[in-house]
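Under my numbering, the letters of the sequence shown match residues 1 to 259, in that order.
Hints may be right or wrong, so weigh each one.
Simulated restraints on C-beta separations [claimed, not checked]: (1) 191 x 237: 37 to 43 Å; (2) 124 x 195: 16 to 22 Å; (3) 258 x 100: 39 to 45 Å; (4) 237 x 147: 21 to 27 Å; (5) 93 x 239: 23 to 29 Å; (6) 87 x 188: 37 to 43 Å.
Because the hints were derived from the structure by calculation, they are not lab data. Where a beta carbon is used, it is the ideal one built from N, C-alpha and C, also for glycine.
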Amino acid sequence: MRLLALPALNDNYIWALSADDEAALIVDPGDAAPVLAAAAHGLRPTGILLTHHHNDHIGGVAAILERYPGLPVFAPNDERIGAATARVGDGVRVRVAGWSAQVLAVPGHTLSHIAYYLQDVGGHGLLFSGDTLFSLGCGRLFEGTPAQMHGSLSRLAALPGDTRLCCGHEYTLSNAAFARAVEPTNPALLRRIEEAQAMRNAGRPTLPSTLADELAANPFLRVAQPGVRAALRARLRREPEDDVEAFAELRRWKDGFQA
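Using the sequences and the hints, build the whole thing.
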């Protein structure tokens, strides 16, 4: 098995998961060029998974289909995605190219956003989360509510800790600046920042991370933890009413944050 994070556009990743014969699932191809370049070196696209309708995640589909007509394209139930050959919703199991992926509805960033969870040949989980969960962060709420997004993140956080997080953008270090403002003394966060900086200095992606690492360092998965609650109390000058309000205030803080 080979898992590739193909850099695209400004800071996107297109994920390619291939078997030994190079038959590959392509996840969120916002640009065709990186996929076609990988194909020129042996990768063989056999299916496309889409998480949501934003163009930086679907913009390359048409050109890939021109080169590989007939590829199955799995997408959420959203007519804004015109290239889908199959619309899939929560609980559906997608089977293509020898892989089997469970569809998880994760509204928040968009109302129809989905994620895909599957296991590699070693039995370890892979989570293609699109723009719902990032390393050390989460997506903006363009269409959903804080309650929806918090529920979606909680659902993803309940997956096994060794699940590898394959998200849609290289945002780790920019997210780290905010996370450090929230929990400046969190040792797991400080280790993750050091590791991520070394990866970027070496020209490597900071992804995939693991859910266990995110639970230890990502403030958006830690809204009930004492360190995050203390930071929110200082901002609100009172205790948040519940985890949803804590998440909503954390997201508002991040939206206006400047490092």
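Outcome of the hint check:
| no. | hint | result |
| --- | --- | --- |
| 1 | 191 x 237: 37 to 43 Å | 32 Å, violated |
| 2 | 124 x 195: 16 to 22 Å | 19 Å, holds |
| 3 | 258 x 100: 39 to 45 Å | 43 Å, holds |
| 4 | 237 x 147: 21 to 27 Å | 23 Å, holds |
| 5 | 93 x 239: 23 to 29 Å | 42 Å, violated |
| 6 | 87 x 188: 37 to 43 Å | 39 Å, holds |
Violated hints, listed in ascending order, are 1 and 5; each of the other numbered hints is respected by the structure.
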